[in-house]
Amino acid sequence: MAADDLAVDRRKFVQGVTGVLGGVLGALSPLASLVPSRAWAVEMRALSNAQGAALLAMIHTIAPHDGLDQAAYALVAGALYKDAAASPEAAQQLTAGIASLGADFAQAAEPERVRRLKTIETAAFFQSVRLKTVLVLYSNPIAWAHFGYQGEAFSKGGYLLRGFNDLKWLPEVALAASGPMPV
Amino acid sequence: MSKFSLNDEDVVVVVGSGAGGGTMAHELTRRGHKVVLFEAGERQSLASFSQNPGAAFAQLTWLEPRTQSGTWDPVKSSPTMPAWHCRTVGGTTVHWTAATPRLRAYEMKARTTYGDVPGASLADWPIEHAELKRWYRVAEKRMGVTRRNGNPGMPASNNFKVMYNGARRLGYKRVHTNFLAINSRARDDRGFCIQQGFCVQGCKTGAKWSTLYTEIQRAEATGKLDLRSASLVTRIEHDSAGRATGVVYRDAEGREQRQKARFICVAGNAIETARLLLLSESGRFAHGLANSSDQVGRNYCHQLTGFVWGVFDKPVSMWRGAVLAGVVEDENVFNPKRGFVGGYHLELCALDLPTLPLVGLRYGWGRDFASIIDNYRNMAGLLINGEDMPRPGNRITLSKTVKDPHGLPVAHVNCDEHPNDIKLRAHAQNQGRRIYEAVGAQRTLFSETPPATHQMGTARMSADPAQGVTDAHGRCHDVPNLFISDGSVHTTAGAANPTLTIVSLVLRQADYISREIAANRL
Ligand SMILES: Cc1cc2nc3c(=O)[nH]c(=O)nc-3n(C[C@H](O)[C@H](O)[C@H](O)COP(=O)(O)OP(=O)(O)OC[C@H]3O[C@@H](n4cnc5c(N)ncnc54)[C@H](O)[C@@H]3O)c2cc1C
Ligand code: SF4
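Sequences listed follow chains A and B, in order.
Numbering follows the numbering used here, in which position 183 of the first sequence is assigned residue number 184; successive positions increment by one, without gaps.
Numbering follows the numbering used here, in which position 479 of the second sequence is assigned residue number 480; successive positions increment by one, without gaps.
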C-alpha cells in the first residue's frame, strides 16, 4: 500500500480525546479502507476519558511520530483494551498501570512524560504497552502509508517493474556482479 | 496419494519434510522405494500463503515455546524462542531466503586449520571437500542456483546497489547478487522471481526453491509417497538387536499410532532431531537413541548473525526485491590476523514493518527510536552470517519445566558465546558499518542477535564413533538402519548458510543408501 498509490485524505477525522477512543472513522473517508477492521474505534467503556487520554499519550511517547495519524495510535489503545476486556488480570494491569503514570499525564510536556515513563520502564505494564505499540503501530496500512512502506506486491506483479532497482544516487552495479532483467 | 499400511515393514520412514526430509523422500521414491513422510505441520500452498507478515509467521512457524539458558542474546530478548524455523509441509524451505553458498575447504578442516581453540570442540569433517563439491554441483542443478550452471545472477536491487558501492569502496572484491536457489529466469516448470520481497512469507510465485512444490510434488508423482501431515513423531522404536523398527506418532486426529519401517531417516531440523533421539531413550539406550557417545544434542551451532543498518538521507526502499540477493564473500577466509578464527559473509537483508522494530533493532523507545522508523524508506540493510565455535556445553536437552501439548518435554537450548564468537561478530559489525559509511550513511545501527535460523551439529558426523553420532554418510554409529538427514550432522558450522550443504549431503546419502540396499546391507 504505497503513499503514491493512494490519495490519503489528511483531514482531521479524530476530534479530541473522547473522539479518539469513541470516535468513528467516517465510512466514506479514504482512510477507512486502510484500517484492517473498525475495531480501533472502540468505546473504551471501562476507562474514563482521562484514563484513555493518558494511555494514548503514553503510546505516543513510546513512539512519537510527528504527522502520523492519531488513528494509528488509537489502534494500539484498541488492542490493549481488547486484551483487557478478555482478561481480568490484563484489565487490572492496565488500570493500575495508567494510575502509575501520575496525575495529568496526558497534559504533561513530552520531557516530563519521558521522565515519568523511565521510572516505570522495568514494570510489566510498560513492557507490555511497548511491545503492543511496536506490534500494532507498525503493522497497519495507515502507518505503512505514512512511512512509505509498500507492503506486499504480489497482487501487483512484484517490484520487478515497480522500482526495485530505481535508485539513482549511486553508480550502477557491473553486470558481472549482478544479472540481466528476466523480461 | 498412496497409503501404506502401519504394519508394512518394507516402507522407509522419513521424519520432517523440509530441506533434508523433502529431498530424501524424493530421492527414495524416484528410486522405487515406498516412503512414509511424517510432517508435524499442516500443508499450505502458493495460494494459501498469507501476504500479511504477522499472519504468515503464525501460519508457518514452529510456535511451541522452548526453554533456554546461557549467555547469548536470545535468552533475554526472546526467552521462549531460541530458534526460528517452520512447522509446515516443506519445513523451513517455505520461509527461507534461499542463499546457497558452499562451504570452503579450510572450513571442513576446522580443527587442523584453526588448531586447538580452548573451549571449542572443533573437529575435521570426515568427508573431503572435493567429494562434497561433486554433490554441490548436483544440488545446485536441482535447486536452480543462480550464478552456477549457466543460471544468470539476479539483477541488482536498490538495497544491493548500496551494499555493492560501499563494499567496493572498501576494497572488497567478491561482491555480487549472491548464489540463490531462486529462479532468475523461468525454469523447472516454475516462473522467475518478480522481486516482491516476501520470500520469508512464502514465495507466492514459486520462483524460490522449496521442497513443498518441488521435491515433495515429484515424490508424490511417483505414487510411492505417503505424506502424513499434522503428524508428530514422538519416538523411534528398536528391537533387541538394536535396529530401529518403526516410529510412534500422533496422527492428525491426535491418536497415537505406530508405523513399522525398514529404515528411518530423521530430518526434523537439528533441534527437533536431537529432541526426538533423546525422547527415544530405552533400556538399551538409556541416554537417548544412538547416543552411546553422549554427543547427541551437543556441539549445537547456529552461526553468528545480526543485522547492520545504514540510514541515508535519500531513499533506498530496501523492502523491494528478493531479500538476500547480495553478498560480500571476502571475509570468508582463514585469517587469524583479524583476531579470531573462522570467517563470515555479509549478506543483503531487509525487514518489513513491523519485523524491523521487533527483531532487527535494539530495544528502545522515544524520539530516537521513532526517528529510525521515520527513516524506514532511507534504510539499507545487511545480515552477518559467521562461523560459530562448537562447544560441548552448547547443547539441546529435554526441558525440565515445559511440556508440549502431548505431555512430552520440549527442547531446552543452552548456548554460551565463545570469545571467538564475540570477536568475529564485532569485526563483522564494524565492517558492515564501514560499508555504509563509505557511501554516506548518516547513521548506522546494529541489532541484537535474533533467534537462530540455522541449526547444526547436534548429531555430528565423525570418523571415530566415540566423537560423534553418525558416520560420514549420516548413518548412526549405534543403530545401523537409522540415518540423520539434516544439518545435525554438520561437524562444524562454517560460514555458509547450511541448506545447500544439507541438500547435497542428502543426495549423497540417498546414493549411498541405494548402494547399501543393492548390496543387501540395509
Ligand atoms: C527466515 C529464515 C531464512 C532462512 N534463510 C536461509 C538461507 O537463505 N539459506 C540457507 O541456507 N538457509 C536458510 N534458512 C535455514 C533453512 O531454512 C534451514 O537450514 C533448512 O530448512 C533446514 O532443513 P531441515 O530439513 O533440517 O529442517 P526444516 O526445513 O526446518 O524441516 C524440518 C521439518 O520437520 C518437521 N518436524 C520436526 N520434528 C518432527 C517430528 N518429530 N515429527 C514430524 N515432523 C517433525 C518440522 O515441522 C519441519 O517442518 C533460513 C531459515 C529461516 C527461518
Ligand atoms: S522476491 Fe522472488 S523469491 Fe522472493 S518471494 Fe518474491 S518472487 Fe519469490
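Treat the hints as calculated values from the structure; they're not laboratory data.
Beta carbons are placed, not taken as given, at the ideal position from N, Cα and C, and that holds for glycine.
Check before you lean on any hint, since a few could be wrong.
Unchecked claim - Simulated DEER-style distance windows between Cβ atoms:
{"id": "1", "chain 1": "B", "residue 1": "Glu517", "chain 2": "A", "residue 2": "Ala175", "range": "44 to 50 Å"}
{"id": "2", "chain 1": "A", "residue 1": "Val115", "chain 2": "B", "residue 2": "Lys424", "range": "53 to 59 Å"}
{"id": "3", "chain 1": "A", "residue 1": "Glu111", "chain 2": "B", "residue 2": "Leu64", "range": "35 to 41 Å"}
{"id": "4", "chain 1": "B", "residue 1": "Arg363", "chain 2": "A", "residue 2": "Lys169", "range": "28 to 34 Å"}
{"id": "5", "chain 1": "A", "residue 1": "Leu132", "chain 2": "B", "residue 2": "Ser6", "range": "48 to 54 Å"}
{"id": "6", "chain 1": "A", "residue 1": "Val184", "chain 2": "B", "residue 2": "Gly367", "range": "31 to 37 Å"}
{"id": "7", "chain 1": "A", "residue 1": "Trp170", "chain 2": "B", "residue 2": "Arg188", "range": "42 to 48 Å"}
{"id": "8", "chain 1": "B", "residue 1": "Asp125", "chain 2": "A", "residue 2": "Met182", "range": "30 to 36 Å"}
Unchecked claim - To list a few chain B residues with every Cβ distance to chain A over 12 Å, as calculated:
{"id": "9", "residue": "Asn53"}
{"id": "10", "residue": "Ser70"}
{"id": "11", "residue": "Phe161"}
{"id": "12", "residue": "Gly243"}
So which of the earlier hints does this model not fit?
-> 2, 6, 7, 8, 9, 11
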